[in-house]
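Visitor: Here's the letter readout for the chains.
2 protein chains.
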Amino acid sequence: MEAFRWFVAALCAAALAGLVSIIFVLVWVLHYREGLAWDGGSAEFNWHPVLMVIGFIFLQGIAIIIYRLPWTWQCSKLTMKFIHAGLNLLAFILAVVSLVAVFDYHNAASIPNMYSLHSWLGLVAVILYCLQLVLGVGMYLIPITPVSWRAAFMPLHVYGGLLLFASVIAVALMGITEKLIFAQKYSSSPPEAIFVNVLGLLLVVFGALILWIATRTSWKRPSDQILHTLHTNGDCEDNSKVGPAMSQLSDGTDAGTFGDVRKRNNKLDDQDN
Amino acid sequence: MEAFRWFVAALCAAALAGLVSIIFVLVWVLHYREGLAWDGGSAEFNWHPVLMVIGFIFLQGIAIIIYRLPWTWQCSKLTMKFIHAGLNLLAFILAVVSLVAVFDYHNAASIPNMYSLHSWLGLVAVILYCLQLVLGVGMYLIPITPVSWRAAFMPLHVYGGLLLFASVIAVALMGITEKLIFAQKYSSSPPEAIFVNVLGLLLVVFGALILWIATRTSWKRPSDQILHTLHTNGDCEDNSKVGPAMSQLSDGTDAGTFGDVRKRNNKLDDQDN
Chain Y
1 MEAFRWFVAA LCAAALAGLV SIIFVLVWVL HYREGLAWDG GSAEFNWHPV LMVIGFIFLQ
61 GIAIIIYRLP WTWQCSKLTM KFIHAGLNLL AFILAVVSLV AVFDYHNAAS IPNMYSLHSW
121 LGLVAVILYC LQLVLGVGMY LIPITPVSWR AAFMPLHVYG GLLLFASVIA VALMGITEKL
181 IFAQKYSSSP PEAIFVNVLG LLLVVFGALI LWIATRTSWK RPSDQILHTL HTNGDCEDNS
241 KVGPAMSQLS DGTDAGTFGD VRKRNNKLDD QDN
Chain S
1 MEAFRWFVAA LCAAALAGLV SIIFVLVWVL HYREGLAWDG GSAEFNWHPV LMVIGFIFLQ
61 GIAIIIYRLP WTWQCSKLTM KFIHAGLNLL AFILAVVSLV AVFDYHNAAS IPNMYSLHSW
121 LGLVAVILYC LQLVLGVGMY LIPITPVSWR AAFMPLHVYG GLLLFASVIA VALMGITEKL
181 IFAQKYSSSP PEAIFVNVLG LLLVVFGALI LWIATRTSWK RPSDQILHTL HTNGDCEDNS
241 KVGPAMSQLS DGTDAGTFGD VRKRNNKLDD QDN
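Chain order of the listed sequences is Y and S. According to full-length UniProt numbering, the residues represented by the first sequence are 1 to 273, in order. According to full-length UniProt numbering, the residues represented by the second sequence are 1 to 273, in order.
It is possible that some hints are incorrect.
It does not matter which identical chain is used: a pair holds within one copy or between any two.
[To be verified] Mimicking SDA-like on lysine to any residue, the simulated pairs with C-alpha atoms at most 25 Å apart in a straight line are:
#1 LYS185 / VAL124
#2 LYS220 / VAL100
#3 LYS179 / SER76
#4 LYS185 / PRO70
#5 LYS220 / ILE194
#6 LYS77 / LEU162
#7 LYS179 / LEU11
#8 LYS179 / MET154
Think of the hints as simulated: they come from the structure by calculation, not from any bench.
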């Protein structure tokens, strides 16, 4: 029960930091900047920070920890893989649209592209994220991929995912820095600069919480073998059967279950989580 | 043997990326900028990037992976803790000197302090790093601290260390971005901007490699219990006794030893590594 409460607290804090970040980036572009439009001007550029924060940071963060939500353990592993891949695909699409916005704006205003460290690292991150998506689908969603390959690739998949997530936040912080300097909003410390600095801090807090949740082994989704001992059908739609099992796992009536089930699970689950 | 070779390859790549980063930051300030001095001018500011890269990034990175070097397993755990703490203390001192340089420069030139996101996040990182040092010494170097406290605090110590390390690299990338824009070296993409962008990429590569090495459980230092089965005295100075044991651990004459010893060790070592 203690472990479950800590998990929920960390999850709520992460969700709060993420949602407040989205509100902050929207207030930034709608109140302090030129709003949102698709006209080749500054309002088109503004889609860049908005879509990056919503897609490439918030959705990617949620995708990373989706397996850890106890409420999803009644769903089959395959269903969860599709949700994980789907959220990452959506994050990737939003990142690409966000890049189109910034290239469009640059080209319309004859501003050169790809000269800053922000642009270099950002493009590397988008390319590697695409590679991670393709390899992830190839390894874990194509049924014929050998289990031994899945197991061998898993450490790299997990490490790559966490590194890309952290890198994207770092690139966002560099983007915020650039934008405030280019808009000459820095040296005099106006309300806009302070407001956007707080957005930067919120993104770091969101990232730190997601990384904390994602790296606690005691909060892992139990292996299918363990879950099968608690219920007979692991499919998401079969709530009537898995309800009681889930309540045992997550509502804490058995004080030790949340942690204990996961501890038993660590060795079994190596090849496919 | 295979695991040992991969470890050495990762270590050499990290050392190379780190050392080339140091050369790059020195070339940047000595060749492209005003050199190094302690005169309140730009040459004093230049100590800021130099000391941050050498101390707060390179030395901190080495301190993080110091326990993983097989050549140090003949040293007692206490000796290694002192080296780990000493390197982190040195990194902290260099970071503080580096902050003094930038405040001195700002004050002499009447440039405001602490208005940018770089400065906010950088100061938070230095303060939390100091807290991590104090708590680390209190928990793991003061003999009377209960073993149960050490075990309970270890996940936070490891996570905090890795998060701070990643954050410091992100803050450095923001600093590079700021400096190039303020020096008006960006929009025309001169050789200096490209050179310094490469420095930024190198710092990310160094960070990624250190985080990879630090998070591979199969590369962990074996627990003292395991090491004691291979030699009778774990003290650093007693090479005559531990030499043969170390060769068994690290030279690969027993092909499985490097990985196997560490696997046996995982459960034993939870409370104090």
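Visitor: Decide, hint by hint, whether the structure agrees.
Guide: Status of the hints after comparison with the structure:
Proximity of LYS185 to VAL124 under the C-alpha cut-off of 25 Å is restricted to the inter-copy arrangement: shortest distance 22 Å between copies versus 28 Å within a copy. For the identical chains of this complex, LYS220 and VAL100 are neighbours neither inside a copy (37 Å) nor across copies (44 Å), given an alpha-carbon limit of 25 Å. In the homo-oligomer, the alpha carbons of LYS179 and SER76 never lie at most 25 Å apart, since the shortest distance is 44 Å inside one protomer and 51 Å across protomers. With identical chains, the CA atoms of LYS185 and PRO70 are never at most 25 Å apart, being 44 Å at best within one copy and 51 Å at best between copies.
In this assembly of identical chains, the alpha carbons of LYS220 and ILE194 never lie at most 25 Å apart, being 38 Å within a copy and 43 Å across copies at closest. Proximity of LYS77 and LEU162 under a CA criterion of 25 Å is satisfied intra-copy only: 20 Å inside one chain copy versus 30 Å between copies. Taking the shortest alpha-carbon separations for LYS179 and LEU11, neither the intra-copy value of 31 Å nor the inter-copy value of 37 Å comes in at or below 25 Å. Taking the shortest Cα distances, LYS179 and MET154 never come within 25 Å of each other, neither inside one copy (37 Å) nor across copies (39 Å).
Of the numbered hints given earlier, the model fails hints 2, 3, 4, 5, 7 and 8; all others are met.
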